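Number of protein chains: 4
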Amino acid sequence: MVKVGVVGATAYTSLELIKLLVKHPAVEIVYLGVRKEGNPRISEIFPSLQKILELRCTGMNPEEMPKGTDLVFVTLPPTIAMQYVPRFLQAGVKVIDFSADYRFQDKGIYEKWYKVSHTDTANLKEAVYGIPELFRDNIKNARLVSNPGCYPTSAILGLAPLVGARCNVPLHINLDDIIIDAKSGVSGRGREPREDTHYCECNENVEAYNVGAHRHAPEIEQILSMVAGSNISICFAPHLVPMNRGILSTIYAKLVGRGDAASRPYSEIMDVFNEFYRNEPFVRIKQGDELPKTKDVVGTNFCDIAVRVVGERVVVISCIDNLIKGASGQAVQNMNVMCGVEETAGLV
Amino acid sequence: MVKVGVVGATAYTSLELIKLLVKHPAVEIVYLGVRKEGNPRISEIFPSLQKILELRCTGMNPEEMPKGTDLVFVTLPPTIAMQYVPRFLQAGVKVIDFSADYRFQDKGIYEKWYKVSHTDTANLKEAVYGIPELFRDNIKNARLVSNPGCYPTSAILGLAPLVGARCNVPLHINLDDIIIDAKSGVSGRGREPREDTHYCECNENVEAYNVGAHRHAPEIEQILSMVAGSNISICFAPHLVPMNRGILSTIYAKLVGRGDAASRPYSEIMDVFNEFYRNEPFVRIKQGDELPKTKDVVGTNFCDIAVRVVGERVVVISCIDNLIKGASGQAVQNMNVMCGVEETAGLV
Amino acid sequence: MVKVGVVGATAYTSLELIKLLVKHPAVEIVYLGVRKEGNPRISEIFPSLQKILELRCTGMNPEEMPKGTDLVFVTLPPTIAMQYVPRFLQAGVKVIDFSADYRFQDKGIYEKWYKVSHTDTANLKEAVYGIPELFRDNIKNARLVSNPGCYPTSAILGLAPLVGARCNVPLHINLDDIIIDAKSGVSGRGREPREDTHYCECNENVEAYNVGAHRHAPEIEQILSMVAGSNISICFAPHLVPMNRGILSTIYAKLVGRGDAASRPYSEIMDVFNEFYRNEPFVRIKQGDELPKTKDVVGTNFCDIAVRVVGERVVVISCIDNLIKGASGQAVQNMNVMCGVEETAGLV
Amino acid sequence: MVKVGVVGATAYTSLELIKLLVKHPAVEIVYLGVRKEGNPRISEIFPSLQKILELRCTGMNPEEMPKGTDLVFVTLPPTIAMQYVPRFLQAGVKVIDFSADYRFQDKGIYEKWYKVSHTDTANLKEAVYGIPELFRDNIKNARLVSNPGCYPTSAILGLAPLVGARCNVPLHINLDDIIIDAKSGVSGRGREPREDTHYCECNENVEAYNVGAHRHAPEIEQILSMVAGSNISICFAPHLVPMNRGILSTIYAKLVGRGDAASRPYSEIMDVFNEFYRNEPFVRIKQGDELPKTKDVVGTNFCDIAVRVVGERVVVISCIDNLIKGASGQAVQNMNVMCGVEETAGLV
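If you read the sequences in order, they're chains A, B, C and D.
According to this note's numbering, the first sequence is numbered sequentially starting from 9.
According to this note's numbering, the second sequence is numbered sequentially starting from 9.
According to this note's numbering, the third sequence is numbered sequentially starting from 9.
According to this note's numbering, the fourth sequence is numbered sequentially starting from 9.
Chain A extracted, bound-state conformation (with noise of 0.2 Å):
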């Protein structure tokens, strides 16, 4: 059994992770280490969980963990979790860290977008990007795993086959000519009450927000930067829908030297997608009319994407369960690796 723990213990994030750790066939939950005075059962904060797991919290304090823990999750905010992650390092066990804190190798990059300095660079130069279909074999060996964010996951699982040098890829797109119109159920704007998670305002109401101006979108760069092998930049839009889950991502890319190409069929395409994920235990390639739905991947680890052409347009359509796929599935996924654990074990 792999020993485990959860640090920073009230998002929705966390309730999820909880969840599908209790079912987790070779996991023991160990630890729950949050910022609440005196010691309340994970029960007391989190009602849905009673008669499912009573444990106690403590603090968030390596010292607090018991020995033999093998690995904690941090599902601290950014900016926090960068706090914290060095000392349960320090303490000897492997971190999977949900925040942003470690997801960008070039420092400036990230201190730009989230404008503080960052103070473990140390740290974040071992740090693994949490995508297992992408970096299977550094996440194996890892001892700080950094957890992708959701809009990412959905569009850069959309747009590798493309982009990336893996398989053979026949066919190339345009690198600086890439849209990403993403929507997102409410559960992405996190747990804290505000006037844009009220249900009024939710409700019966699609927007658009942060165009051109979302973290996600330098993350979503840097990664597909590194797949291709050459920089790449996006035009990323995300919406919000009313829902509670679930992140659908439309991906406009433009194919080129297809000019001689209007013969090439679409199967050509369809081919590249279904080889780059053939063995792939959580990617769902639509095969034929089908489109992909929230609903059908929501509560799962899947993400589902299917693949149209319109004129000289590829268009991707992925999809995952921001708080499964976009987070909590994802950093089981990835602990199952880092653990030597079955990769499926405990999301099927």
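Copies of the same chain look alike in the list, so a pair counts if it fits in one copy or across any two.
In silico DMTMM-like links for lysine to aspartate or glutamate, alpha-carbon gap of 20 Å or less:
{"id": "1", "residue 1": "Lys133", "residue 2": "Glu119"}
{"id": "2", "residue 1": "Lys31", "residue 2": "Glu350"}
{"id": "3", "residue 1": "Lys59", "residue 2": "Glu351"}
{"id": "4", "residue 1": "Lys59", "residue 2": "Glu283"}
Treat the hints as calculated values from the structure; they're not laboratory data.
All values reported here derive from a predicted model rather than from experimental measurement.
With chain A's structure known, arrange chains B, C and D on it following the hints.
This is chains B, C and D only, laid out in the frame that chain A set:
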């Protein structure tokens, strides 16, 4: 043209009120009093009013109210409203108050439930409870109308025919055995962001709250007792359902003196309701198999009512839009009555 | 491993059932019987099962069921189910039937409400009603378990402690004065497209339906009468609320013999409920100020219950996921009991 | 008073249309033609019209239309509408047609996408496309106005300033590189119960559909080409989001001849939009940080538009109520223009 003002213009009900008043053929909005710095246009507070009403807000002070104003709507919270209402009455305008501050003839009940001393008992005495279907004649001559709560409006209109003395009712219900199970949309909780108005807490969820302990219970009891000429006590259980607007009250009452009454036809009860509301423009008694749906009244000033008999019980189902007939629409209806305008003006 | 089949595998409950069975550590799905041409994979019928279960469907015929099957779940509609259940019993497997066909010991009541003659009275006699919290011992030895309706599950679990003889209940309620006001999500209406399941008819709407005329009323009355050892009649009003899943039943009962009982503390009632469900893994009695919310039980096999006293009335609020504890989860719980598996296996 | 009729009065848009017409100060509804037996009152078809409009329906035949009718709205489905429109024109009334039958000047495009032969090419030639903001002068004198599709209305209004010749636009976009990612509420799918309009299929779900293959794409292309005076081709991807009403189109266009244009300020683009719609009562250009929200336009005839620049891309966000500005409200606006009534009458 009736010249009106709105004092405290930033609640959900204020926005609805303004939208109704702007379309009202016999009304001119001349004054918006708010507690905001810098005299913003109302369309800066509510962007949905752009190109509809660009009037600048001023302070909540009768001196800032233009000469010739006929009536103001006070949409301030309870306990605050009674600080302002007397000043506007003093200034010579009629007032329709949206708060609970003038709803209780017995100030002891008010003080018990709202936990403050009443500071304007002089005006409290002359305040008229604003359900035109029941108190039209008093409203006609009132200087101060207390606009009813949303739950009370739906419950009282549903029960009045069974307890009322207006028509020669051939039926009697047990006055101390009335159950009101009410279901409300989330706008009933107000515009303030709180955990219990967070989208992800309300969406895909039904819950009861304040069972037997909601402030609208004594309000319903007082008004129904007045209508019945006898003390009435109720069991009131409000519920929150995931929609923006609408209240549906399911009311369970017990017919008495009906022992011999198995022979009494259902049509007799229908006659009571049909007769009671025969000439009312805003109450629709559903005939035959039809049952009320909140979606049929949302956006309107209607109260839709159906009646069923189940064993010894009469079940009355009554529904309204909590922001219209349960607040702003009823206020406009009251204004029409108070100012000698056609009662349905601006409402159909 | 328990080898199971699902007969009639295309309802919403079937999909939920299959998802539960796939994750169940002690179960293997060996047979899916449907009325579809051409032996499709179940993942062609439910795309969300891709990469989860790719088993091919066969016909609804015991001959097509693999040797060694232990138990089948029959998820066919009422009146159809009783054509198939006897054939599978005959073939020597245990059966859990989801329809109403084996719920009524008095076939006259069944025939009145379902408007057909019962064609399998032999097996009807031995069928056990499948609420393990009340009938565990009988379920243990049953060949045929009749899985309860969704409304009945929530209502019966909420009322059993007040009418039950299992513990020495110091309280009594009036058995012919029980009101059940239930609120259900739309999946309760089934998967067939009809006007009343159209998104725009259900969304932003609450309505009552079948007031005093729903088939689940006699089911609740029969089972509660069995538990009480005395005839019980109820007033049942179901409502449709805009959400996918979940039922919340608000139950109004009247304490009798409590005249001297103003002195009786609320804690006495709580003791009755706490004691009644002390060892039940799937019933959670809410303590203190907490009230149940459907969102806390959706996706789980829990029934959450709270109790309040309002005047002479006890108000019990009971909620479940209609597709899990109200259907597929309870079926799995029954299977566990019938097959000697840990009762909570596959459900937490 | 303008005397109007509605032919084919049972769609969602018909109900909205009737509600608008009833409130219109200069209109009288004199005729409702439907394909129902027995001349029902319209309030029997739409119960929400009780006490609002009790007019009896008659047949869809010009002979059943009262003398003196000025104009009929035809709300029949495509391919059916063109069987009735010529008969009403023949009878001497003006017609506003809601279907696609008169939207395509090039009947070949219509026949390709709607898969029927056009049977009324005579009237097709004189039909005017009914977006008053672009074609007001032609609408003024038209006998037959073709009311636009919902997606086209939002997309065309969002793009017209960037392709239009009306004002001396100092900006140019690439006319063959326009992407329209549109998000629509479910009422856009019509009132017929189908699997894809089932509540549980739409709720808590976002999906794309008909990507690159939606009938509104050629409609958008035709009208924008007319406005631009040059051929335009688009990539159009519609999405379904879980709400009743509203469309938000996010449009990605590429500025050309802007190489030197890094110096060009954002305000220059804003000026183009502000100038283009300066005197339009129903288009609101969002200034500063504000972005459009469908909830701000639902129930109104407004189109709210915002503009952003992201790299080389101009991103235009345009939203409307699909049933009002995208259908019935725009039809009333067209009627006002055609009949010499104040253009905003009945719409604010």
